[in-house]
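Note that the protein sequences, when read in sequence, are chains A and Z.
Just add 7 to the spot in the first sequence (first one is 1) and you have the working numbering.
Just add 8 to the spot in the second sequence (first one is 1) and you have the working numbering.
Source of the hints: derived by calculation from the structure; they are not laboratory data.
Keep in mind that this is a model prediction, so the values were computed, not measured.
One or more hints might be untrue.
Said to hold, decoys possible - Keeping only pairs whose Cα atoms sit at most 27 Å apart, straight-line, the calculated DSS-like set for lysine-lysine is:
id, chain 1, residue 1, chain 2, residue 2
1, Z, Lys77, A, Lys85
2, Z, Lys113, A, Lys90
3, A, Lys90, Z, Lys11
4, A, Lys85, A, Lys64
5, Z, Lys116, Z, Lys77
6, Z, Lys60, Z, Lys77
7, Z, Lys113, Z, Lys77
8, Z, Lys11, Z, Lys77
9, A, Lys85, A, Lys49
10, Z, Lys60, Z, Lys113
11, Z, Lys11, Z, Lys60
12, A, Lys49, A, Lys90
13, Z, Lys11, A, Lys85
14, A, Lys85, Z, Lys116
15, A, Lys90, A, Lys64
16, A, Lys49, A, Lys64
17, Z, Lys11, Z, Lys113
18, A, Lys64, Z, Lys113
19, Z, Lys116, Z, Lys60
20, Z, Lys116, Z, Lys11
21, Z, Lys60, A, Lys85
To be verified - Some chain A residues well away from chain Z (every beta-carbon gap over 10 Å; in silico):
id, residue
22, Val11
23, Gln44
24, Val50
25, Ser65
26, Glu75
27, Gln111
28, Leu122
Unchecked claim - With beta-carbon atoms standing in for the labels, derived distance ranges:
id, chain 1, residue 1, chain 2, residue 2, range
29, A, Met22, Z, Thr73, 28 to 36 Å
30, Z, Asn62, A, Leu122, 48 to 56 Å
31, A, Leu122, Z, Ala25, 22 to 30 Å
32, Z, Ile82, A, Pro9, 41 to 49 Å
33, A, Leu91, Z, Thr73, 24 to 32 Å
Beta carbons are placed, not taken as given, at the ideal position from N, Cα and C, and that holds for glycine.
The residues making up each chain are set out below.
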Amino acid sequence: EPEVTQTPSHQVTQMGQEVILRCVPISNHLYFYWYRQILGQKVEFLVSFYNNEISEKSEIFDDQFSVERPDGSNFTLKIRSTKLEDSAMYFCASSEALDPGGTQYFGPGTRLLVL
Amino acid sequence: DAKTTQPPSMDCAEGRAANLPCNHSTISGNEYVYWYRQIHSQGPQYIIHGLKNNETNEMASLIITEDRKSSTLILPHATLRDTAVYYCIVRPLSGAGSYQLTFGKGTKLSVIP
Numbered sequence: 008e009p010e011v012t013q014t015p016s017h018q019v020t021q022m023g024q025e026v027i028l029r030c031v032p033i034s035n036h037l038y039f040y041w042y043r044q045i046l047g048q049k050v051e052f053l054v055s056f057y058n059n060e061i062s063e064k065s066e067i068f069d070d071q072f073s074v075e076r077p078d079g080s081n082f083t084l085k086i087r088s089t090k091l092e093d094s095a096m097y098f099c100a101s102s103e104a105l106d107p108g109g110t111q112y113f114g115p116g117t118r119l120l121v122l
Numbered sequence: 009d010a011k012t013t014q015p016p017s018m019d020c021a022e023g024r025a026a027n028l029p030c031n032h033s034t035i036s037g038n039e040y041v042y043w044y045r046q047i048h049s050q051g052p053q054y055i056i057h058g059l060k061n062n063e064t065n066e067m068a069s070l071i072i073t074e075d076r077k078s079s080t081l082i083l084p085h086a087t088l089r090d091t092a093v094y095y096c097i098v099r100p101l102s103g104a105g106s107y108q109l110t111f112g113k114g115t116k117l118s119v120i121p
């Protein structure tokens, strides 16, 4: 069964450093998403991406964040200058169509720790 | 904020049906009800969704009341592997918010041997 994959599974970085989290969505999916979950808290939407454009973003997704689909298979989230509060699980998701049937399938996540 | 209300926790005996309720009294006509679950800190897993009719798939059944103000997710024969946090989410078909899933705190289901 096709699935979303994410790399790395864990990332440790120093505050102020740039990090890039990588995702390979399901191959025939057209919509891509990033969510995050701070330890013990809710899963929070960050951004959605379609046709090489951001279609929706939350207040969390400020200028420190950017997304890109650099080729036909990868979808990345870049955090330009990491802060301690960026420590979280980051989940990528993809969906085949917005609606109906726009079900989002999630990857296993990248655990980011900012020191 | 999430537009749904769920009990924080529930227990279910292994092999029995697990019935997880959700209130979404402010749901509008163009909003779907989605159910996801999250095992430990894994990525949320899609279970089922519906608009107004009851739905069933290989994982679960979704019962939506006629006024659409509440729904129940049914796991017909719960196993230990069904222990997870279950999220009920309403999501608009179009317009603002249609691209995102808004997760609440969910219901922590514990399946007991």
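*List of violated hint numbers, smallest to largest*: 1, 3, 13, 14, 21, 22, 23, 24, 25, 27, 29, 31, 32, 33
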